[in-house]
Each structure stands twice: as structure tokens, then as C-alpha cells.
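From first to last, the protein sequence lines are chains G and Y. In terms of the numbering used here, the first sequence opens at residue 1 and continues consecutively. In terms of the numbering used here, the second sequence opens at residue 1001 and continues consecutively.
Be aware that a few hints might be false.
Computed list of lysine to any residue pairs in SDA-like fashion (alpha-carbon distance at most 20 Å, straight line) [to be verified]:
| id | chain 1 | residue 1 | chain 2 | residue 2 |
| --- | --- | --- | --- | --- |
| 1 | G | K170 | G | R150 |
| 2 | G | K170 | Y | D1474 |
| 3 | G | K170 | G | N158 |
| 4 | G | K170 | Y | S1516 |
| 5 | G | K170 | Y | G1434 |
| 6 | G | K170 | Y | A1473 |
| 7 | G | K170 | G | R188 |
| 8 | G | K170 | Y | S1479 |
| 9 | G | K170 | G | E160 |
| 10 | G | K170 | G | L146 |
| 11 | G | K170 | Y | P1534 |
| 12 | G | K170 | Y | H1436 |
| 13 | G | K170 | G | T142 |
| 14 | G | K170 | G | E181 |
| 15 | G | K170 | G | S157 |
| 16 | G | K170 | Y | T1433 |
| 17 | G | K170 | Y | V1432 |
| 18 | G | K170 | G | R182 |
| 19 | G | K170 | Y | L1517 |
| 20 | G | K170 | G | T187 |
| 21 | G | K170 | G | L191 |
| 22 | G | K170 | Y | S1435 |
| 23 | G | K170 | G | W156 |
| 24 | G | K170 | G | F180 |
| 25 | G | K170 | G | D159 |
| 26 | G | K170 | G | G155 |
| 27 | G | K170 | G | L151 |
| 28 | G | K170 | G | A186 |
| 29 | G | K170 | G | S143 |
| 30 | G | K170 | G | D147 |
Here chain Y is said to cover these stretches of chain G; the calculated rule only asks that three of the stretch's residues, wherever they fall, bring their Cβ under 8 Å from a Cβ of chain Y [what the hints assert, rightly or not]:
| id | stretch |
| --- | --- |
| 31 | 88 to 98 |
| 32 | 158 to 170 |
Simulated from the structure, these hints should not be mistaken for lab results. Every residue gets a Cβ at the ideal spot worked out from N, C-alpha and C, and that includes glycine.
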Amino acid sequence: MGTPDVIRVGIVDDHLVVLEGLAASLAHQSGIEVAWSAATLADARAALEARNCDVVIVDIRLPDGSGLDLVARSREGPAFLVLSSFDRPLYARAAVERGASGYLLKTAPTSEIVAAIEAAAAGRTTFQTHHLDALARTAAPTSRELDVVRLVAGGWSNDEIASRLSLSHKTVEAYLTRLFERWCVATRTELALLAEREGWLDS
Amino acid sequence: MDKGKRQVGPSRAAADGSLVRRKGSPYSKRCHNGGMLARSIRYSLVGAAALLAIYGVVSALFATPDPGVGITSNGASVAAVLPGSPAWRDGIRAGDTVLSLRDASSPEGWDLVAQGTGGTHGSSASSHLARLRGAVPVGLAGAAALFLACVVLLRGARLGSAVIPLAVAVALTPLMLTGNLRDLIIGGLGSLLVAGAAIIGLAPGRLPIRLMTLASLALAAAWVVAVVAVPTIFDPLDAARLPAGAAWTIVGGWLTIDRRRLARRLASPIGPNALDIVYLPAVAAVAIVSVAFLDVPLVAVAGAVVMLLALYPSARRSTSRAMERLLIGDVRRQAELRAVENERGRLAREIHDAPLQGLAAVIRRLDARPDAPAETAALREVAAQLRDVATALRPPVLEDLGLVAALEDLGDVSGTSHPDWWVTVQVDDLAVTGSHLDPDVETAAFRIVQEACSNALRHSRGRRLQILGSVAADAVDLSVVDDGNGVNPSVVADARRRGHFGLDSMRDRAEAVGGSLDLGSDGDGFRVRFQWEPRT
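With the rest of the complex left out, here is chain G:
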């Protein structure tokens, strides 16, 4: 998506002062136009369907749900920027995982917000450097998962795995379910083969 001449922005926040404040600040910026604003998740969804916009700024805490539910990554739809009062890296991670293009604090300087909007409209993602830690993710299994996989590959039953790792039977089953889902395998044998291939069994 190329940078349009005027970036049309939708704002979703249930606090009127914030909404108006943000809208007023953005109105003064050339190249940015506030297309619509909404105070609830339902209103926001309706507005998204009815009117076009390039970037949506959405607050996490809304009266009828979480703003994160609105965020969706798609080529045709608008880019999303998540707004929050709390500067916790976990929020940034949750936002980016959902497909947002950035995470902003409500007290951020207007210049920062404008920069984020412009970047989002151009298809780029912005995040604060101090959130980087939380955003780093590994696709490798966790050490507990590795313990379970090793025992499965060794042919142990769930009961034996549970007593060897001092977990409950339910927890072992939950781990296996998650492993099957994450790595797209259907049986223990497949999991063991995958582990062998990926080198997880070499300790």
C-alpha cells in the first residue's frame, strides 16, 4: 500500500477527553484527517464496515470488550495502532502478535503519534526500543516441552512422564496437545520423528 496523500484515521476510545484531545491534535496536522471516531467496540466495527480509513487508533480498554479484538492484519484493510495508558512491554507484544503496526502510550507526544500513523499507513511497524525484549520470540520449544518430548520419544507413557517430571497427568496431556498443535503433528510417533529431525533430542 503506497502512502496516500491524506491519511484517513479512525479513533476508538471510550474516554471522551482523550478522543477529543487526539482528534483536535491530529486535525492540526497536514496530511492527516480524522475520518471517524467510536467509543465502543460495536460502534468501531460498524464504522470500519461503513467508512474507509487507512489507519485505526484503538484503545485496549473498551466497555464492551478488548480493543485487541479489533486488530486484524490484512492487505486491504486499515493498519492498526494500539493505544494504552500503561507502558508495559507485554501489551506491545500482544498488539504486534495480533498484527498491529504499533503500540502507543496515551501520553506520548503528538509528534510520536503522527510518526507512527505515517509509518503504519506506509505499511511499516513501529515500536519502542524498550519493548524490544518482549517482542523477541523464539520458535523453539520451551525447556519443559523439551523434557516432555524427550520422554515421549523414549517411549514412556503419560503416567510415567507425569511421575518423572512430577507433574499432574492433566498437565502432561495439555503439554502434548499444545505440542501437537504448535508443530502440526497428530501422533506421538510423528512428534518423536520431528524431535529427532530438529535435533531437540541432542542435549
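Position chain Y against the provided structure of chain G, taking the given hints into account.
Just chain Y, lined up with the frame of chain G:
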């Protein structure tokens, strides 16, 4: 500074697709923990050992030695001699011809002279009586050692477990000298049972339960073999009495030492004063049955009853407290905790809503003016402080993103505020899409981990703090491990005296939602472990 790798699983928001909370059930839930069961079994067997020791000593004081000899119906020869009995030790064997016999009912006691292939042997009550009475000090020493071992054991030291079998064997030595088969078997089986329990007590984990089951089966088999092998000495009533006696002893000990467990069982249908109503009659029943049917010496029973009654006031106090907590208290406690959390959440939200948003709006407006950078910065500082207050009341991440994310955030915050510690979080999110963890459990788990972390960071002299475990809608297993010396027990005792009940409140929270809390050292360091499963 290397903060360590933080494992990232799908956050609760991503996995569920929705953050709308469902209200949890208000009913309290129970959780059966293998460790607790093993401990209560051990304690009840300690009680059994204590009663056996009393029995042994009292028997030694008042019993008369039994020759252990069976005479043929015509009185001419010896039919059977029990190996190890007084007569056997004096050299009398089966098949010997009886030369002279004075019955056990005569005032001087029994006297037997018999002649056999090995010569003429005599055996009398008086000589064995002296030996039996002489063994009383040994019995008393064993009982004293047992008492000390119990005290040590109840304080949590493993040493107690090791001393108990020895103490029981010593205390029961007089029983072995009576020559009475019943006493021999009580002594032998009693020692084996207690020894087995003590050895099992030294082994951690679920193994004790399985070994205990095996041991019980083995003892039952040994009992059956004994009854079958020496039918001439036993009469059928005797055969039933001994296991019944052992069972009564164990239940009596359990009643005294592990009141809580019994209280829990009794709690539901009857009411808070159930144990008060049941305790005294139960003790009386045990006493009457022991004397009338099991032939336990009256003095032993009197001693046991006195002991049980002496424990009664403290038993009643702590039991009423426990029962009140368990019955009504549990639900009330949970409601209390939930009310506090709701209040804190409400306050946090109030701070978030009007003040924080208003402040953000003012900052936004000021930002537009080029001449107010200092004011803007100052206001941002105020906003940060307000955020900190709201976060301390109730972490927003817990509200918005769920337990796993909140624990990672906690690790992040702890690591930042304590730069000389290395804090890692590795909590696996095992929630199935669409499942919800009970909000009360979520809050309890978070607060417990929070408390455990702050204890470790504040009191333990370690370098590495780990938050580990897994969270699913139907199972929570979280551990906080620090590689320091753990929380110093004297510090804990001191804090408790001064009114800071950190550890108590953690256990409180855990039990209020039906989970369990375990503290202890293991290979990695000092571990606080919270586990929860819904009551099935």
C-alpha cells in the same frame, strides 16, 4: 545485563480471541495432594507407634510371662512349644515328657519340669518375671526416645523419621519377653509397620503411597500366614482381635494428630461443631472396646485416654478454627479475598479512568504549544506515578492479558527493580482456545507468585530467580525458585510474631481456592510451589 531468555507462548488474548470474563463459581474447591496424604499417614502411624509403646511398657509392668507351651489333653507330654518363648529358651521342646506341672493360675505362677532327649529342663514363672520386670527401663527408654522423635518429626526434620523404628523396637522389647504370642505379634508387626512408614517417610514423592500400599498388603499376608501356621495357639477371636486392635490404634492416633483431615471429611454434612460432638464419644468408644474386647491392659488405655483428653482443648481450638475455615470459612475467606481484589481493581480502574485519561488529554493539549515542554514533562511524570499506583493496586496486564502475561510482566518488573538478580520467567500457556481459568484462581495464583518473588528478592541472598510452570483452565502448576538460602526460618518466625503473615497469607490464598502450597528446598534452590486443579 542479560535478563535471560523469556519464553514466549501465545498470550491469553491471542489464544482465546476474547477477553470477556466469565464469573467463576463461588463454591470452594478441594485439591488432593499426594504429599499431604503421605504426611498424614506418617503422622497417624506415629500416633500408632506411641500407643503401642505405652501398651508395651504397661504390659511389661503388669503382665505375667506366658510359658508358650501347649500340653496334651492327658497332661503327660508337651504338645507344642513356641520358638522364642520362655519355656523354649529354658530348653523344653515338643514331645518332652512332663515330670511336674504347676498351673499358671496358681499364685506363685507356673512351673514346669519336663524330660526329653536333651535332658531334664525346668522353667518357672518367677525367673522370667524378674527378667520381664527388668526390661521395663528399656521400654521406658524406648518410649522416651519415641516421644523425642515425634517432637523432632513434627518440626519437620527427617531425623525423627529415622529414629522412630528404633525407638519403637526398643519400647516394645518388654513385649517380646512376655512370651505371649499375641504380644509377640503385636510387637513384631507393630515395629514392622512403623519401621516401614518411617522408611517411606524418608522418600519423597508419590512413591510412598505405592510403597505403603505394598507394605500393607505384605503385612496382611504375613498376618494370614501367622494365623494359619500356628493354629493351635490361636483361637478365632484372637485372630480377629489383633488386626482390629492395630486398626483402632491407628485411627486413634489419626484422630489426635491429623484432626484437620478428619475435620474436613466430617465438615460437609454435619456442621462446625461436629468434631466437638464426635471426639469425646469416639475416645470413650476406643477405650471401652480396647479394654473389653482387645484385652489391652486397663492402665495403658487409661494413659492413652488421658493423653487424648489432654490434647483435646488444643485439638478443639485448632479444629474449630480449621473447621470454621473449611466449612464456612473457606467460602467466606474466598469471598473476603475476592472482595479485596474487586475493591483494588475498582480503585485501579477509577485511577485509570478519570485522572489518568484527563491527564493524558491535558498533556495532549499542552503538547500542541511550543512553549510548554517543561510542564508537559512534569505532567508526564505525574501520569507515570498514577500509573504506578494503579499497577500496584491491580496489575493492568492481569486484567487485560491474563495470568501468563501478567507473570511475565511480573518477572520483567522484578528484574528491572532488582538489577543484581537474574530473573527468568518460563510459564507455559496450556489453555485450550475458548477455555477460561476461574478468575479467583487467577488472582490467587498471581498474588502468591508476587508474594513469593518479593520474599525471595527481599530476604534471600541469591542471584537467580525463576518463575516456572504451566497454566491451563483445568490445571495450574507454578513454582518460584531462588538459588539463595531460601527464606530464613528465623526471619519468618520473627515476621510472624510482628504480624507480617507473608507465608501464612500465601497458604491462606492457596487453600481458599482449593489449591495447595508447598515450600521447600530442592536441587535448584528454595521452591515455592502452587498447584490447583478443579474439584472433580
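(request) Would you list, in rising numerical order, the hints stated earlier that this structure does not obey? (result) none
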